[in-house]
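Using the sequences provided together with the hints, build the complete structure.
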Amino acid sequence: MGTLTFEEIKADAIDPSIPAIEYDHVSKEYEKGSGVLALDDLTLSIQQGEFVMLVGSSGGGKTTMMKMVNGLIEPTSGVVKVAGHNVQDFDLINLRRHIGYSIQGSVLFPHMSVANNIAYVMKLEKADKAFIKERVHTLIEMVGLDDSYLKKFPHELSGGQQQRVGIARALANQPRLLLMDEPFGAVDTITRTSLQDEILHIYRETGVTIVFVTHDVGEALKLGTKLCVLDKGKVEQFDSPEAVVNNPATPYVERLMAGHRL
Amino acid sequence: MLTDAVNLLFERSDFFFELFVQHMVISLISIFFACVIGLVLGILISEKMGAAKPTLSVVNFLYTIPSLALLGLLIPFTGAGQTTAIIALTAYGLLPIVKNTHTGICNINPAIIEAARGMGSTRWQMLFKIKLPLAFPVIMSGFRNMVTMTISLTSIAAYIGAGGLGTAIFRGISTNNMAMVLVGSILTALLAVAVDLLLGVVERRVRRQRSERSRRHTLIGFGVAVLAVIALIGGTAFSSMQQQDTIRVTSKAFTEQLVMGEILSQYVDENTDYNIELTSAAGTSTIQPGLESGEYDMYVEYTGTGWAEVLHNEGVYQEDQFEDLQAQYNSKGITWTSMLGYENTYGIAVRTDVAEQYNLKTYSDLAAVSSELKFGGNPEFLERQGDGYSALCEEYGMEFASTIDLDTGLKYNTINAGEVDVIEIFTTDGQLGSADVVVLEDDRNFFPSYQAGVVVRQEVLDRHPDLNEVLARLNDCLDETTMAELNNRVDSNGEDPETVAHDFLVSAGLIEG
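Residue numbers (the working numbering), protein chains in the order written: chain L, 1 to 262; chain R, 1 to 513.
You may find that some hints are simply not true.
Rough simulated footprint, nothing fancy, chain R against chain L, three-plus residues with beta-carbon under 8 Å [to be verified]: (1) 86 to 97; (2) 120 to 133.
Only pairs whose alpha carbons sit at most 27 Å apart, straight line, appear in this in silico DSS-like list of lysine-lysine [what the hints assert, rightly or not]: (3) R:K48 with L:K67; (4) R:K53 with L:K32; (5) R:K48 with L:K32.
Facing chain R, a subset of chain L residues (Cβ under 10 Å, in silico) [said to hold, decoys possible]: (6) K67; (7) L72; (8) Y101; (9) V107; (10) L108; (11) L179.
Just so you know, the hints here were simulated from the structure itself, not pulled from any lab data.
Only a predicted model underlies this, so the values are computations on that prediction, with no experimental measurement involved.
For glycine and all other residues, C-beta sits at the position ideal for the given N, C-alpha and C.
Rendered as structure tokens:
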């Protein structure tokens, strides 16, 4: 772990000429010497302001690829860069606080109220109290809920409401980059549709770069400005939704897209 | 029985209150240490998974050592008294805390941990903001378990003279005073239940509180309150212990010794300006290390016991060897100051009907029919080398059908009930006069001489030279008949040793009434 902080590279993080994320010949082998690669020589750039959907069958490397961005997983070889700087050069605690992170299922902290869940990172950063209060209010409305929810506890919320709070929590520290690992995997179809609309709305309003893991092709096509199709640790295709649907690069992509339209 | 107990409680409320306070101090300090060490260990092994198994095996092992054995094992290292009791109780308290902390932390949904990590929590923040709060209910249930367990186990501390409500239980058993046993047990149980209820209230409040902050405040408030109580009580206890002019008198845990402890402490108290602290401990083997390490200052011992058990000399002690005995004691920094004038030697008694049936008069008569009889003796006698049970059997060629360990206070009840036929007695046993037994003649002079005398740490005599003269006045103040009478007042009439001792001292003109 390095010592670079996000504050030091803030200019790079908003410079549109520098990619938000770059993968340079990145490989990951979980069991050393097993020869089984979760990611196999991945090279790819994600520009700022993109909404990138990682799709493909389970075990294809989607989550591995995403968790390398905030340093939860280290590459076996190759380099992952955020805003032009190697992730390993960052103080990872600092980096993570500036990257929104939302994962599948009910992973709100069960012992904290909604307000405290949303304020979690801001409190880690020891932000000013009045600022936190104001920000929590803005965020709860941004995800389509209101202040009456702030004092509730996670177990008093429906699955969909929990996901909304999860998104608010990920956005709390005004990140330039948001990582979402199948955030809507555990909710019913109707709730899912409304959550998808909500995240699109937030994306358009904030201009944040989003990397979103899903195995639902429909969801990928609806949300993404780009799709990254992964299979067995390799990128099959990285392109706009139109291109992926209309011109699948490989038989795997073709099979995956079969029956799907924009 | 219950009315007796209630009366006793009110009559001697000061005595029980003191024991109650001692009990709380020992329990609370042990609970505090078990908690701190247990939490740290529990957290460490949850972070370093490899360490979990060996650590849990060790605390598990500690937990399975029988409590009396653990106390016995610790005495050579830390002496008798509160320190040893606290170490042992802390060792027992570790398991529930370590185990529940470990389980509580390991059972947290890994996705929650991952989320906290991905959001940039440091290790400490993860521990204090996520892991410990989420593991709290599990840790709390282990804690409550441990607290009730420690409070009841603290009763055992009396065995090594650490005080607490167990003192009442032990004394009650050895002086055949069931009301005393009952009061000691009920107070212990009440204390445990009350503390558990209190913790239940704290736990519910913490869970019900919505904000993290007020929860933390409740917990901190509770912790501060407990620490304050410990500091307050512990501080007073400690400062009284630190007082230089305190003389610590102790006794073994049977009736005569309890009476002698009272006689010695009341007498010295009335005739000097020193503060007196009276405790009681299991027996010579627990008192001697305490005497050598300075935890106890004086007690009443018997010459024959000192010869064999303290000095580990071979052979049967007779009084013409007293100078040798005194010299050997002096080399340990201990002095026999005054000889009280009575002998409490061992004897063998058989139930009258058995004696008549076989026409038993002497030990040799008994040896001839011993294979048909059951023998009961106190554990010390059954185990002791030199003049104990096995040496007696060897000398006379006895071979009893079976042996039973009996507390000194229970042996007359047991022989009268026919559960044993032969018992080992003391010649000053209070119940001896009224029991349906015949005392046999030691026709080969097997038992050594057991003159009672006051044994004092030389350092104490050097520091307080006036004690020499004061203690000298106790020479020949008692005889066997008087001693047996005093014992009988406790064992059969249910009077307490304190009163019996006071009456004697007044009538002997040793203190003013």
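Structure-based check of each hint:
no., hint, verdict
1, 86 to 97, "holds (count 6)"
2, 120 to 133, "holds (count 3)"
3, R:K48 with L:K67, "holds, 23 Å"
4, R:K53 with L:K32, "holds, 26 Å"
5, R:K48 with L:K32, "holds, 22 Å"
6, K67, "holds, 8 Å"
7, L72, "holds, 6 Å"
8, Y101, "holds, 4 Å"
9, V107, "holds, 4 Å"
10, L108, "holds, 8 Å"
11, L179, "holds, 8 Å"
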